[in-house]
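Colleague: In order, the protein sequence lines correspond to chains A, B and C.
Going by our numbering, the first residue of the first sequence is number 1, and it counts up by one from there.
Going by our numbering, the first residue of the second sequence is number 451, and it counts up by one from there.
Going by our numbering, the first residue of the third sequence is number 901, and it counts up by one from there.
A few chain C residues that face chain A, going by a derived Cβ cut-off under 8 Å, partial list only: (1) A961; (2) R975; (3) P1207; (4) H1233.
Cut-off 25 Å, straight-line C-alpha distance, at most; resulting in silico cross-link-like pairs (SDA-like, lysine to any residue): (5) A:K318 <-> B:A830; (6) A:K318 <-> B:S827; (7) C:K1278 <-> C:D1289; (8) B:K464 <-> A:R43; (9) A:K378 <-> C:E1215; (10) B:K464 <-> A:W45; (11) A:K158 <-> A:Q241; (12) B:K483 <-> B:V606; (13) B:K768 <-> C:E995; (14) B:K828 <-> A:E271; (15) A:K14 <-> C:A944; (16) A:K14 <-> C:E1215.
Since the hints were derived computationally from the structure, they do not count as laboratory data.
Here the structure is a predicted model, which means the values were calculated and not measured.
Every residue gets a Cβ at the ideal spot worked out from N, C-alpha and C, and that includes glycine.
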Amino acid sequence: MHDPADPSSLRPAKRDLVSIDDFSNQEILELFKLAHEMGRDLRAWSHLCGGFILASLFYEASTRTRLSFESAMGRLGGRVISAADMSSSSASKGESLADTVRVVGGSYADVIILRHPCEGAAKVAAEYAAVPVVNAGDGSHEHPTQTLCDLYSLWVEKGSLEGLTVVLVGDLRYSRTVHSFAYALARFRANLVFVPHPGLELPSYVLERLGRRQAYEPQHVTLRDFPDVSRDADVVYCTPQKPHQLSLFTEVTELDVPSYDALYVTRPQIERFVRDGGRAPERYLRIEPHTMAGKKFKATSLMHPLPRTGEIAYEMDKDPRSIYFAQAARGVHVRMALISVLLGRSSFKSPPPERVADGDEVVGSPLSCANPTCISSKEAHLGSRFRIDSRRPFRVRCAFCETERPVGFVGDRERRTAWRSGAPEAADVRAEEMVLFESDEQVQRAAFAN
Amino acid sequence: MHDPADPSSLRPAKRDLVSIDDFSNQEILELFKLAHEMGRDLRAWSHLCGGFILASLFYEASTRTRLSFESAMGRLGGRVISAADMSSSSASKGESLADTVRVVGGSYADVIILRHPCEGAAKVAAEYAAVPVVNAGDGSHEHPTQTLCDLYSLWVEKGSLEGLTVVLVGDLRYSRTVHSFAYALARFRANLVFVPHPGLELPSYVLERLGRRQAYEPQHVTLRDFPDVSRDADVVYCTPQKPHQLSLFTEVTELDVPSYDALYVTRPQIERFVRDGGRAPERYLRIEPHTMAGKKFKATSLMHPLPRTGEIAYEMDKDPRSIYFAQAARGVHVRMALISVLLGRSSFKSPPPERVADGDEVVGSPLSCANPTCISSKEAHLGSRFRIDSRRPFRVRCAFCETERPVGFVGDRERRTAWRSGAPEAADVRAEEMVLFESDEQVQRAAFAN
Amino acid sequence: MHDPADPSSLRPAKRDLVSIDDFSNQEILELFKLAHEMGRDLRAWSHLCGGFILASLFYEASTRTRLSFESAMGRLGGRVISAADMSSSSASKGESLADTVRVVGGSYADVIILRHPCEGAAKVAAEYAAVPVVNAGDGSHEHPTQTLCDLYSLWVEKGSLEGLTVVLVGDLRYSRTVHSFAYALARFRANLVFVPHPGLELPSYVLERLGRRQAYEPQHVTLRDFPDVSRDADVVYCTPQKPHQLSLFTEVTELDVPSYDALYVTRPQIERFVRDGGRAPERYLRIEPHTMAGKKFKATSLMHPLPRTGEIAYEMDKDPRSIYFAQAARGVHVRMALISVLLGRSSFKSPPPERVADGDEVVGSPLSCANPTCISSKEAHLGSRFRIDSRRPFRVRCAFCETERPVGFVGDRERRTAWRSGAPEAADVRAEEMVLFESDEQVQRAAFAN
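All chains should be modelled from the sequences, with the hints used to inform the complete structure.
Modeller: Here it is, written out as structure tokens:
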């Protein structure tokens, strides 16, 4: 029996969902099977989580996500305590996120759903809370349940994920949803076709990560099947199969796949353009009945994370290939399954993911994260934590928000000496002894030789 | 079993409460009997709606209404997901109401309670959502559960509604509540005495509708029983009995009824005066112990929809005739009964109302609704829909907000010809072929002859 | 069976928690035993309050308090209706608190949790609502469940409250929490050591009340055990034992106790300084590992009502003496016990407190409360009510907010005569006949002789 006054007594068994990488592929498929079973009769589970409490802590408004989680908990027979606007409450008295989740995860709630504008917030919450934490969006970083829902919906429609061909269209630059979905699809060996709105291309770091983790190689292609949508687009194709099968004769090959399994459309993230000093895109794409008229689209599921703005015509709503409303409905099923697993009311048989050694962690350096919306920029007590991505060249990223961070000097705590981050000595310092500096000045202040 | 990913599977059996006219008189009385049974022991029903979820979608704040519905669902053992401030959420990302209710009615919730500042919003929600929708106020249009609660409270007090004499006093111009209550009372053949605050008389369209639908004829009368309240008022009496029984000798007769069954008081809708450029009324009425001193008031129930401002003195609170707090309490009972019926946990034996042919509908004309707060003015995808009220003279009203709309020209789609709306040819066009135009210019643009 | 349309039928048995003085010491200990039992397995009580509804009415935001109550009700199996922001709702239509709680306590809810910015609001709510009311903070007046939680946590740690030595440090001037905790500790005969931040000393009325009600005599002392914290502090010691045991030789004695049972730290109430035209304190105390290093601190529980700002270093979090997170967790246990008692699902065997005659009440005088945030200043219908604190000298305090109020003249309603409040005749007027005046002018207007 867990002693609520001693939160650590729960810790050993606790699982969080901060990133989709917290679950192995096999676990994800088990989750989907459970979700599917639950979705068959939503009212058959109303005693599964009786006596349990879910807390919604929303530091920014996201009514739909909140309602979806709260509905899932309600369908499981649990209770909900809800703070739809945390930003105007305790936090304004200066309380840290770490303290808040320790209180709420004390005996207020058995699972915490967190939405926060700062990247890395969910990781912090998971580390401090005594109860499972679900990341319901941390800034522009991750929103893993959205990705699970998208993936689940595709799995329900197609029966499997392996080898599917999925087209991702629209604003591929600012849509966190698309990035996460692409990473997840790649874990299941899907073929990806990126069709960006001109000027809103997929950032290079997404392609890089697909290459690094899944050995996907991006290929620029032309595409005739979507004349409306792809006309001026810089289309990129990524596949886990050998890509040279496609590029036989010309430099930029034409993509020729037998059919498309899904078309995933996103809205333009106008608020993000404006923040970056840009303008709303003109003539943003619009999917209309004729867009999906070709025979390659006979069985193409039309997906959208919703809310849509104008990018899918209302005429498509009755088309049996349009699954965006079903997709939203299924979000409740996946969240039901997830909550019941995290609360220990259902369990996975498959093993959890092996923790990929993303690099060792360097703790407590003078160097701080440069991302102004990183949780570590907001909460000083967290200090600085970086993960070493590679030693040659020397590259680190913030352990909270995962943003890459240029390093000026690398020091060795034992030898009290620092080297430029490009120097060979820098690459050899043991992580436990390592200190990272931004500038010569920081090195001086720490009284390291250099 | 309904497939939550396919909302339409629920549709056949679905009932909504958009307007009180969605229920027949017999159904209303059945609802009252059920409400009364439920009110006897509020804690005896806590398993009736177990496993069901109610969503409160409030696009404008109305805490009392929201709490009343959420309490009712709680008393029935169901769960609630609550969005007290929808206007600052998904909607702000540009999502249409139609999309929102399709998502929420997907698998989030089994019944939707909607409050919206736009007239016609509940009708739209009911058309798009896969689950029952209850109108908890759509702009200045309808608020049917308030009316049901008022009616129910009177029914509890008097044992029946037929033939009662009900006095409605105060701001009769801007109070939506009074208008709806009057229509409902008329359906049950009550006698109505309208005692307006000077300058805040009942709009003529209300009297007109009472005449058109219930054959009530308004009569200007004088009234001696309320010296304080009626002194300068233009009192109007409406009765389903032959009114000439009263007007025997003089032009403006004196009202003489044996007793008053209820006195329904409303607060001045100050926010509405100000919006219309008016001023708050001076010396608004105030019910005090001496106001109800005559013997005709011995059994008069003093009613108020609450919140009150100063129009009922606190001294009245202990008067056994004051039922306004009981009235509010009973609102929960009626909403319990309503929810259990809409969720299919209780059922009516009486037949639903025959759909009164309010006129045929004209869809997709260039003419648009002129009411700036009509839901069709906000959401372009809805297009234009009008109902033909009468053909000679030619009159239509918006199918969403029910506001009358002047028509310039009436066209025939087949003959590609349009006539002035007063012309005899206009009256003969079949509704399915009809196109409505505001102006000659619109006719030209559509390339219709005229 | 209670008739929900007749709220008064519940009244006889109703208990409220407006002030901690509403419970006797024995009742408090019974509550703690129940809380402790409940805390042992939070999921074992999920049917105790099935069918009951708790309403959270928060007229100012306090997310943590609200979530704690709502969690407690959830753990008991009851339902919650929640208005996190009452100030922007009905109240804005001009509704009085008295009306709101009569409606909500009608059939919406079985217990009301009220948070309000006005002193005395909870008392008003308790008087008007048909159901139990819990004060979750009324302005700067009381917040009794916070005090109960603090007391409970100490009781859990120490096994008893009698004779403990508790140090209260920091902002002792503006912290309502500290005042209430001190009063409560004194009821259980604890020894109190007040160590204020310089300039934020305990108000004299708190010491006065400790003296008046518990016969505690304050003593200025020096203190060597906290060099960091007490260096410039004007330390005050209060004990129910004869204080001269300490002051043997010198005027200002040195405090010498064998050990400290608890150290209760509060954050600086910066918003209050600023309101009063002050500045945030410089170098506010900070508890760090070395602060509690001496052997007198071996078993000292470190307490904080949370949220903390910088006054307890994060390094203390892992110290086994730090109980502030456990303290917050236990708040749910106490609130579970409280709610189950108020709903009649558990009961006290001990008798309730005898109502201490705090003085007779004087109702309906022209004199009004001078506190601008007293609920009686906001809601005119409440009229004026004062309690006579003492007759010689003549002193009264507002019956709502308990603020002392200078009186100009005291009148006798029967004799139509008034005297200066210092006059001997004033002291002899019977409370029922007494009328209080601010000024000569008020006396004249009431046509009293003087």
